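First to last, the protein sequences are chains A and B. In this text, residue positions in the first sequence follow our numbering: the first is 1, and each later residue adds one. In this text, residue positions in the second sequence follow our numbering: the first is 1, and each later residue adds one.
Everything labelled a hint here was simulated from the structure, so no lab data went into it. Treat the numbers as computed from the prediction; the structure is a model and nothing was measured. Please note that the accuracy of each hint is not assured.
Here are the in silico distance ranges between beta carbons for each label pair [as the list claims (entries may be wrong)]:
| id | chain 1 | residue 1 | chain 2 | residue 2 | range |
| --- | --- | --- | --- | --- | --- |
| 1 | B | Glu41 | A | Pro274 | 12 to 22 Å |
| 2 | A | Pro22 | B | Ile853 | 37 to 47 Å |
| 3 | A | Pro274 | B | Asn517 | 31 to 41 Å |
Heads up, simulated DMTMM-like pairs for lysine to aspartate or glutamate below, C-alpha to C-alpha not over 25 Å straight-line [said to hold, decoys possible]:
| id | chain 1 | residue 1 | chain 2 | residue 2 |
| --- | --- | --- | --- | --- |
| 4 | B | Lys465 | B | Glu255 |
| 5 | A | Lys277 | B | Asp324 |
| 6 | B | Lys351 | B | Glu255 |
| 7 | B | Lys465 | A | Glu147 |
| 8 | B | Lys608 | B | Asp426 |
| 9 | A | Lys293 | B | Asp702 |
| 10 | A | Lys220 | B | Asp708 |
| 11 | A | Lys199 | B | Asp708 |
| 12 | B | Lys392 | B | Asp324 |
Ideal Cβ positions, reconstructed from N, Cα and C, are used throughout, including at glycine.
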Amino acid sequence: MKDQLAKIKAEALAAFDSAGGPAALDALRVKYLGKKGELTAVLKQMGRLSPQERPAMGQLANEVRAALENAIETTSKRLEQAALDARLKAETVDVTVPGTAPALGHKHPMYIALDEIKDIFVGMGFTVLDGPEVELATYNFDKLNAEEGHPSRDWSDTFYFDEDSRVMLRSQTSPMQVRAMETMPLPIRIIAPGRVYRKDEVDATHSPMFHQVEGMVIDKGVTMADLKGTLNTVVEQLYGKGTKTRFRPHHFPFTEPSCEMDVQCHKCGGVGCPTCKGEGWIELLGAGMVHPKVLEMSGIDSEVYTGWAFGIGLERTAMRRFKIADLRLIFENDVRFLEQF
Amino acid sequence: MNLSRKWLNEFVSVDVGDKEFAEAMTLSGSKVELTHDLGAEISNVVVGRILSMEHHPNSDHMWICQVDVGGEEPVQIVTGAWNVHAGDLVPVAKDNSWLPGGKHITRGNLRGVKSKGMLCSMKELNIDERDFPYGVITAAALLNDYHPIDPKKPSISSEIQPGDKIFGNVVCAGVGNVSYAGNGTWSVALVWAETANGEKTPMGTTIVTPCQNIHSLDLVAFDTKKRTICTLADLRAEQREFPHCITDGIFVLQEEGIKPGDDIRPVIGADDHVVEFEITPNRPDCLSVIGLAREAAATFQTPLKLHDPQVQGGGPGSLVELLDVETPAADLCPRYTARMVRNVKIAPSPKWMRERLRAMGVRPINNIVDITNYVMLEYGQPMHAFDYRYVKGGKIIVRRAEDGEELTTLDGNVRKLTSNMLVIADDTRAVGLAGIMGGLNSEIVSDTVDVVFESANFDGTTIRKTALALGMRTEASAKFEKGLDILNTLPAVNRACELVEMLGAGEVLDGVIDILNYVPQPTTLALRPDKINALLGTDVSVADMQEILKRLDFGVDGETITVPSWRGDVAHYSDLAEEVARFYGYNNIPSTLVRGETTRGGYSPEQKLEQSVGAVARACGYDEIITYSFISPTAYDKIRWPEDDPRRVSFKILNPLGEDTSIMRTTVLPSMLEILARNCNYRNKAARLYEVGRIYLQGGPDGLAIEDKILSLGTYGEGTTFYTLKGVVEAILHDLRCSSVEFVPCQDNPSYHPGRCAQVIVDGTLVGVFGQIHPLVARNYGLDTELYCGELALKALMAVKGPDAEYVPLPRFPSVARDIAVVCDEAVTVGELEKAIRKGAKGLLKEVSLFDIYRGSNIPEGKKSVAFNLILRSDERSLTGEEADEDVKSILETLEKECGAVLR
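For reference, chain B alone in the conformation it holds in the complex (with noise of 0.2 Å):
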């Protein structure tokens, strides 16, 4: 919402600068965002009259103007601009001087002759003919300024006379006098000749015409019926045949009261301060000039002056004849308010309207509408004008559309309707769409006579859902969604027809159609001050808070509060506290600490299970990732899940953002190959990867997902083996205490190379998987990388987690080393060897370690030599070599029944 500091000193007098004034407005309640000096990019740039003009002797389309700009003395400008007359004001940048965009102006040398400063066209000011329509420049085709695309073939010859015949009706004329004829025209007196019977005969007339660009002993092209000086267009001409007669030029100010040395700001509304607020969404009437000079009153404890507007009216005829409104769809509408204009002139607002519409960032039309977009602005109410012709049988009927009606709105596009939407329809079809846009049909134009405007009250809801339906949110429809004030309708109609008669725009009729569908009660609260201290922490007297509500105009009798129309926010005693708490100063509340009973607080076991795979992943060298919970349905296509894979169910995102991210995953496998893809795309020679994340499975109560955590490790890059992952696994399950942890060889995991891979199993519980991703997994990331990864649920390893530590002696007596190599088939592995040594071993055995497999020479094909250093210990006595020999051969006997592993 922005707000014109002029528009708003109209209610209320706060004289401060911007930043004071945001600051205050911010801690009460209106957040500010922005602040604008419109001027401020302007110094130094008057009004000035120029007071002669020549042409420059070094150019063909410069012109030497000296110009009174308030000085004793005129100052001499070279202008090359051919739109400006002697006699003409105009904005001049004077000599060290500023312009929006940075630019600075300085004295300055054009073609030997010197130049004090500039004139200024519309765009250099930053302003359009939207802010000056009078600003629009017609030019003329100069036939002097004509340059012939083929020097060969002219159109014109370049001698050509007055009197000389261009075509048709069109001659050459000769320009005499030139001078201003009010309402941006000027009147020029033309000289040519006409030739009947090989006779020359004199001719002289004096026209009117809109081009700016004409000055004595100009040639122009004359349309002797049509009494017209042509343009570039009436000529079919190029511009590149006329390079000077350009619509771009001077602005010419045609303001009245204005005296050359005037400083340009306040001609050209420059003089205002826009401020941008952020008004949150349960204070609709704070979109409103009124509303904020409300809220800006109560906090610069200054009066707000509320104007009544006043209606003459006794326009012609009767409005009850006239027009009638009827409501079917009263639900929707809890109040429809209208009022009529006639014989209306369609114009361009006052200049004080268009420059506070366009403070406000509202583009001015014409009188009607803007007085519409005023009163928007100004009351917070939205309005709408009709077209009274194209209102058929003098009806007006709020209902729901028809479904499948079709209604052009005022931007053009053909909108299909439903029934759930509310329209304003005349006898035979809708003409506008409630509280979002009129419909093209009765949109006020240039030949508009008699206009009806609506200041209604709409459902909320519906109005939000239907602009929702058709992607069209408009100003009206922000507003309304919100909720409006049902008795600001009147005022507010009342507001456009006294605007209608101070603009001389139209005749008011008489009376108002006035329906009300829904009577509101108002609102009243007890005020409970002490339960409002008690919530605040303060100790604010009753009568502190009785003014600051008085000054938000709450009824206040006693203890009674009774809540505006326009506060629908305020229906309980904590909406009180606020209006207090706003007004006393959030920041004069004191600072206190939390009292009362202590509370054991800290992590449950899960997280701090979480804390603790994460330190250990990052000791391992693993960095935390973080990814997006939601992945694309092929996805599991890319890890090769099969399609009929119960785990692709997966909750779906019914408005996702895109395909990429619509569905919940189940896995965090993909989330984690994207990653190291990324990583590998951006040559990172290595990464190691991990992420707690979740996964969302069907299941969950109330139709919730199951949302387990997953470590998730990944990690490619040279030395990056099978081995090196299963390190970190195995770190991990250590650090938990996991007891009787095994790894089988797992073939049938889609995701992950068939002889690579592992399933880790903890007291024979599957607590997840590892290994390397199977190359076509790999492929369908884009990478022939050898890529490790690994999941381990959480929730499993929760259960699996050892018991807290408990302190075993250190030994008291030395232990044996004993080295064994046994041969074994190729297909006995390491784990059942182990296996094999523990399970032969007599008690005294403590430590199993491989250290070397060796195939090669000296062992048979299609075997494989093992080698364990065994460490055995007896905690009673320092053992013998002969008992440690005992354990061995034991083992070895074991080793050979078990696996066929015989020593080497």
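Isolated chain A, as found in the complex (with noise of 0.2 Å):
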């Protein structure tokens, strides 16, 4: 018997080692450990035995038996992780294909450019205002203090809808500096993107629709230190810390001291260059104190309140953001170009 026992044993444990997988093992358990398995029939004479015989024996065929359980439990780990590793690297993808692409779709690169300079100014408490395109030439021009007679009237400037020049294509956001006055509490600050319209054929820099961001501050005590205090901040947070800027006098007939502010080229750092026509700075936008008879055309008394207004070319802040060349581009709407950005 001791030798049944030794001889199933080593039988069994070979077979162990040897079982191709959990089934096979199951099957080996059955075999050996099952009812009707080799060492339950080996325990099952141990009742023939000699009673002196029967510790010694009992004890060597639990060893056996805790050692074949053993056994089988090592092997099937050892065989579920074979299992698991063989299924794992039967999963293993080739991580070069290139992924399945979500339809992610793209902002248009203009209002990328436009989404940012409204959240810096909201942030800065600035509502933001819609207006109409189509607009009266006495917000567009006369209460802009663009006279009778200012070249920009001309026919060959604006668009109108009328022959008595009433009703036009607004040439600017700068209306909406009037209807916001004439509208909105005081104190008053908002900007005022938009289209606007000019009779230019198109190119490469130009077109006849084109965007602007009018803005503008109206209170007691608004100077043009504050003017320039609030733009720099704009540009800094545009173009990053640090970026130099000037202050150039320039004329519009709505403000008064009117200015320019130019943004120190990017390229060459101020030397000049192609990019700056050698100047070293690049025009970004117009500013200046509102005209007092601005204010006063609109009912403010401009000697308690002043203020001050910019307005800003969009198209030509996103060309310069995205080293766009053509300004056709912005307008062709090829997929290509749109889902650069």
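Quick one: dock chain against chain with the hints and give me the complex.
Now the structure itself:
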């Protein structure tokens, strides 16, 4: 019997070792340890042993059973691991195969630039206004101090809807200054982005329709220094901290003093290069202190209130931001262009 | 506005480089666009004297010249030009020199002969005969350069000898000595022979000719009667017959006081620097050398040296007797000033004047015309010169034109005038278009004897409108329309007369005709230093403010400021603030942040809606586009709107750029279709596009438009169906938390496929439409692709937008799923079935989703099987199968009753 046990143990262990998979192992378990298994059969013979032999043989038998069970356990774990390994191996993918692309839409680059500007001003307490594009000449010109006879009122420059030059396509977002002053309570802090129209043929830098953002602050004690401070902050947020700016005198009918703001050329750092036409500076926007006459025309006491305003061309800002060389791309809407942003 | 820095320096000495000058002027308000160093491209080019010339041994037309260029030794230069002579002064590009256009000249070898440089033509120095009228070359037809067109039939024998007759009085003559005779002419000794009675008599003479290409031993064609040497034109010859007798050649200098070795740049006026300014329309005074000199003087804080014109006068006759001026249109002519010059000698103006005109971009013409232009540039006052002969009756009348009156202007165009236009007329007819252009009938010509100088002030608006109406904006009209200084006419006309005397161009009559219809009052303003500092955010002292204003020639009397007559733009303390700021320095104004009451900024609900629909569209894979708001009227035809469709009523631009952009769209559909078509044409396989665009409808306040915003969707490409676009519409509505959304088939929208179009109705409100574009519309855009578009009105979306999300507890009990498939008539829509399902449910139904529509075997013809997945759940307890079945039973009953749909 002792020999039998030893033989079973040796056979079983060898069999377990070579078991090909969990099913085979289970069959072996039944074969040796099942109710009708070989070890069970041997154990059934225990009754035939003498009482002296029984304890030793019983212990031996239990040892063999434990050894077999242990071996099954170990083998089972090994097989599980092997199966897992095999499965994982089989499931290996080529990570360099391109991913399945989710369809993602893209914001138009010009609106990306606009949203940046809007967010900066909203953060500073400005309200965003929308206004009419089909506009009264009164708002676009008269109330902005561009009197009858101002060249921009010519039919060669501005689109009109009636012979009296009364209704027109706004040529600037500045009429929103007047609309804001006429309707909003003081103090006023607004920006008004939108489409504007001028009679320019389409080319790489011109379009009969383009976009501007108007900004205006009206309050007591507003100064040109405030205008500079605010615009400098905006420029730093748009173009990065430490961006250098300069202010130049200029002329707009509705601001006095008026200025243009330049940013130092990002390409050459101010030395002069083709990008900035050798000047070292790139013109960014026009601005100034709201003309007292304009305030008065909108019913604001210019002795008490002052204000500043600016206007920035969006296309140029976006073109500079994204290095777009030709304005026509903006309105062409080729998906190969749109999907770059 | 171009400015010659040499000319500027006459009034203010500013001794800084162009870059520094440009920057300082720009920062004080006169924006510099560009600066040019006229001589930047020229180096190592000098005046040279040709000492001797000999024929090149290996060429029939080249000369070997020994040239004195100011060095110890003459240099040898080979030239192919035939218009130079020993003794001539010429521009010499020495070895290692540079010419305009980046041309580099080095020593070389020409057919075996060394040449250490090049003699230059005017073209090579980038100048022309307008700069140097004497530089025009006249070429004689040299018979020794004759090359017959047909070698077998030469018109001139190759053995021609002096004395041989060519035709008529023209004989062949041999050239002896040639020497410069001054004033662009040469003295040429000629010999030939005359045959009379078979006997030859030798003849000889010396004549003066402008032909520059004649040298000793040449053979020329001499007209014995006219005593001239024939040119190609005289012989009616073609250039190719005399290939080297060309009017192009070396620029032979006739300037006084120059010597070999002198730098060529000052000689040809290329030592000037020109600054190009962008002058804003409020500063017409800066459209002049003096105006800019005043700005430069204030900028660089150096004195302005103005000059008071001095006229000797004393010309023959009396101005009052010769000339009478009337200004019936006094309202359009505030001032008319005139002087007269007699016994004028029309000639080219002197070099310095031509150079300055040229530097400022004005073409020199003759001394009188050049003087008017010179004064206009210097004083900013447009001037005009009339030929007195053609001022009939000695009368100048400034009047409105008659309607239909015609005038031929100096440019040769016949202008039809209206009574809104102002003319300068004599007794009988118009002789000039006031402030714009003179008439051809009174032009200064080479035999003009007596001249009237006009220096007037005209109404800017009239000039502008006339120039615009006639499409002839001139330098003068551009100045007048901005409003000129009424006090400037007299100094300007005096300056013109002073220049006439300086140039010896004529005799100026004593006296001035000066009609002043409007007496200007000087503007005075209070300085208000506190207001100025408060506006600028600065702390500039009163003294500094006064100092700045004084530098600009403002009258300063304490705090009373008198505005100079040329500064019509200054009328308010804020204008004075700008003057102070300009010279205090915009960049010295501090940078502060907005103070005061804080305001709550942000976006309106409409703006937020616009942002969120855009975000959903992008999340669905749609790219944002920007399209023009104006379209072509034919766009409505292309989208098949009926002729009488009221939506065709559009805002129409009366002066559009073109028909294609002439009306404001009342629909965004054509804009989208155009972009889809463009992408198709670019062979982009697919496009998914959206735009929140405006439409412009009649009926807004004050005659303006109602500008509604529309979400425009458009797509094409593989896998795109009605349902992919519908999914996007649904996603947008879902994001807006819209409830009770209905899609109603729409068969009557002419732009869409009648079987693939739906109206979107939310809460009973029509929000928009979407579907496949009608194939005929697609064809109108040149496409046979399936296009899908949608139009959703933002205003309507705003109205049907659901309330903010409110948390609904997550289900605590399991749900029961049941699939049902019913067979119904083809005509029954899924929407109707779904409605019936919801109606039949007894409160346990949480979700219905379609999962299959089947037609084919086992389903009768004209019927379909529609399968739904139903989710049933109670919020109070776990459902039993029986409870669920009861609901399903009720649902099936309703389906049968309402839709005739039976369980399959």
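Tested hints:
1. Glu41/B <-> Pro274/A: 12 to 22 Å: Given range 12 to 22 Å: holds, Cβ gap about 19 Å.
2. Pro22/A <-> Ile853/B: 37 to 47 Å: Holds - the Cβ-Cβ distance for Pro22/A and Ile853/B, about 45 Å, lies within 37 to 47 Å.
3. Pro274/A <-> Asn517/B: 31 to 41 Å: Given about 52 Å between the Cβ atoms, the range is violated.
4. Lys465/B <-> Glu255/B: violated, 46 Å
5. Lys277/A <-> Asp324/B: It is violated: about 53 Å lies between the C-alpha atoms, which goes past 25 Å.
6. Lys351/B <-> Glu255/B: Holds, at roughly 9 Å.
7. Lys465/B <-> Glu147/A: holds, 14 Å
8. Lys608/B <-> Asp426/B: violated, 70 Å
9. Lys293/A <-> Asp702/B: It holds: about 24 Å lies between the C-alpha atoms, which stays within 25 Å.
10. Lys220/A <-> Asp708/B: Violated, because 36 Å separates the two Cα atoms, which is more than 25 Å.
11. Lys199/A <-> Asp708/B: holds, 24 Å
12. Lys392/B <-> Asp324/B: holds, 11 Å
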